[in-house]
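Protein chains in written order, with the numbering used here: chain A, 1 to 491; chain B, 1 to 474.
It should be emphasised that the hints constitute simulated quantities derived from the structure, not laboratory data.
Given the structure is predicted, the values throughout are model-derived calculations rather than measurements.
Do not take every clue at face value.
Which residues of chain B face chain A? A partial, calculated answer using Cβ under 10 Å [unchecked claim]:
hint, residue
1, Gly43
2, Pro49
3, Val50
4, Lys88
5, Phe140
6, Pro274
7, Thr277
8, Pro280
9, Ala281
10, Leu283
Beta carbons: idealized from backbone N, C-alpha and C, even for Gly.
Take a look at the letters that make up each chain.
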Amino acid sequence: MLAAMMSAWQLARAVREGTRTASEAVEDALARATRASHLNAVLHVADAHARERAAALDASLARGQDPGPLAGVPVAVKDNLCLEGVPATAGSRSLEGFVPPYSATVIERLEAAGAVVVAKTNLDEFGMGSSNEASAFGPALNPWDTERVPGGSSGGSAAAVAAGIVPLALGTDTGGSVRLPASFCGVLGFKPTYGRLSRYGVVAYASSLDQVGVLTRSTRDAAMALAAMAGVDPLDGTSLAADAGDLRALGEGSEGPDVRGLRVAVVSELSGEGNAPGVLEALDRTAARLRELGAEVREVSVPSVRHAVATYYLVATAEASSNLARYDGMIYSTRLGEDGDGQEAVMRRSRGRTLGREVRRRVLMGSFALSAGYYDAYYGKALRVRRVIADELARAFEGADVLLTPTAPTAAYRLGEKLDDPLAMYVGDVCTCLANLAGLPAMSVPAGRTAEGLPVGVQLMAPALHDARLLQVAAALEAAAGDDFAPLAPG
Amino acid sequence: MPEPVIGLEIHLAIRVDTKMFCGCAAESFGSEPNVHTCPVCLGLPGSLPVTNREAIEKAVLFSLALHCRVPELTQFHRKHYFYPDAPKNYQISQYDRPVGEHGWVELDGGRRIGITRCHVEEDAGRLAHPPYADHSLVDFNRAGAPLIEMVTEPDLRTPEEARAFLAQVQAVARALGVSDASPEQGKMRADVNVSLRNPDGSLGTKVEVKNLNSFKSVAAAIAFEVRRQGALLEDGREVAQETRGWNEGGQRTYLLRSKEESADYRYMPDPDLPPLTLEPAWLDDLRARMPELPAARRERYLALGLKPADAEALALDLEAAAFFDAATEAYAGSAQTVANWLTGDIAGLLNAGGRSLAEAPLRPEGLAAMLRLLDDGTISGKIAKEILPEVLEGEGPEALVARKGLTQITDEGALAELVERVMQANPAVVASARENPKAINALLGKVMQESRGTARPDAVRRLLQDRLATPGSD
């Protein structure tokens, strides 16, 4: 089998059995990254780090040691995740040249399970965007059609998996940033329950919404990666001490997929008007497939979803205005100005010129929402509506095991198509941002292609901590779809 | 003269091993710049704060000791301002859910000063401005160090009262081990708010004086502001709402900034730090473990019969109080005697040597032993004072007295012989003493001199009186 076709678990098995070395796996990935460089999916190839890690893994294998369930699996991570000694730009000029002296907990755990980070991937600056066009280093391109966006903000990670550079990539998801590009690129994108994965070492966008997610072409790979990374982290006070045994079992492939009797509810407010025909067809296809597999599919109403986008953008921008205050050119971020200019002038110039247009827009909106006299009307109200949305979703789950919605209202659109209309881009987050507002696990699972041949996904949500349930559903759909589940992009 | 209305804002460095939200050392006094830093307290991207539970515990303990209401839920907020001493350009502080609210401190004399709130926050870095340079320097050792900020109601009326209040707060913080509360190390800093009451009883315009680092400066700054504002009003001018600094050399306040545009800190709940639940059972446990506080100690000392001034002084001084308690434990005599020695001769010697009680080798048992020697007549008071410097250095009083031959002569026969010898040698003095009973002191002095102070003065006096009253026997 071609290395690019292999899933992470297959590759790890080959490495553990000695039919392939970790170094070979890593060299293959590095070569594929070079071949696919036109996609601009990768901002930084971590070749030195990867080769050193792979050699160490091969040495430990030679000593008879088992490097773990992800032995030798090359992984790409979004460039807002810190890896010690490797640049982390978060897609921003303000962090050009910043080399973190520490690693994100998720990366440490993934590598402790045998994985090898080979590349840092492109993203909308600080994760703020849905198309990848807000990257300071130019957008990544969609491997299915390079005139189209890969989705954002984890577009580089989604493109890297779809193009077969790596079988597994990490992204971050604040309002849909893992799931939306997964849908646009035809791969599986999983955002776990808030708190299941540590945020330590994740460059913050909106802390109460940010969650690391995985992008893969196989359910089992996603489960393995999540099992390796999950669990409480003393460095993150919002991380949860939840048992990951169910994820591990899925990762080991020891549980067959079974959705008989599963109660699936389609959110009626999200399954009609406003969605492209190809998206609605994908939704119907998935519902029909689930019925065939023995699930019950019905509709449920969640009226407050019409406030979701406004609520999301108030909460996210308010937190962003606070989290991004530190990029002032003083300690480590890019400084524009001379000694003697005065600190205020240097801060103003550094922030004004190194933060991109979309970032400045959101920082301004968020600062406004938090201002004295406006707090109650904007941020305060958004927090209250957030609670209402979470309560309504919890009620929807009283009659359903999972909720089914589109991932995004459209398939991948053309570069530049929505660049001058930020609002049009914001409403694309309507389905995905619900899970972030409520802290729920959610996944975009491939659901075939549109008439134009573009991949499209649908979203499944579950109650908090029922991450494994989503993967079980995905595994059933994967088994039913066979090789057509998440194929590599052509070319 | 309009009545001054004074409120204080006090920052106390919490005494814990590590900073408020990371593992760096909290104590950096005297360290090289920027050695106690890490990704968290430098605000590097991706770093996250984690609450120091011990610091919270100490702040809650302090709040309870100040009779504050402690909520079941306490929460951190972000306070935003752009300044290079704040690596994140926000300070993690508390806003509407502080650890304590609505407390009070009782001053000696019974007046209660209201505590508006106590909250926990992280300290900022320290800026330095090298002379003639085109840049400033910043030291982040202190950034992220845990602080308690306490705010009083505007209940204080005089500089002296403010000073007494600060002494109380300092004593409470030290008694609890919450803070070293040493202004000279920056571990207790105060801002004061001063206004003068209008003739109609309403409050006048408030002026804030910032960054006062000794109790003395607090009192002096208040006194200066009362005079300055009084003079303005007398001239028919208005007091402007402003923030002022304190010039220690000139003993005057000066304008820092006028409060025309007040800062908008855009407070927001910190999403990295989940609210903390303070379990009632845990609070009960803290209350049960609360050590004796200065107010209670003062009452106890008064009940022991101490003079009020001594009770107050000892109650406010944790070291002296602990010493006093151990000494009275070891010594069955009068507690006031112990207090007299502690606040008198011992304090005098320590002050002269620039030492604290803890720094001197003297142990409470040593003082008790010396007092017992005094009581049983082995030594006189004069001898006691004479040997005190050596006792303070840790010499055992019994051994010292024995070695130096300073044991008081109490044997009647030996004393009578001594008296006889002195009278024989000084016939003129004897003659005058027969005429004038007051001259007996001269003879007494000669006897004491002869005995190198070891004769028991009351016995000598009695023997002298007897001998002088018997005519012709000389």
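- Task: Taking the numbered hints from earlier one at a time, note which ones the structure violates and give those numbers from smallest to largest.
- Result: 7, 8, 9 and 10
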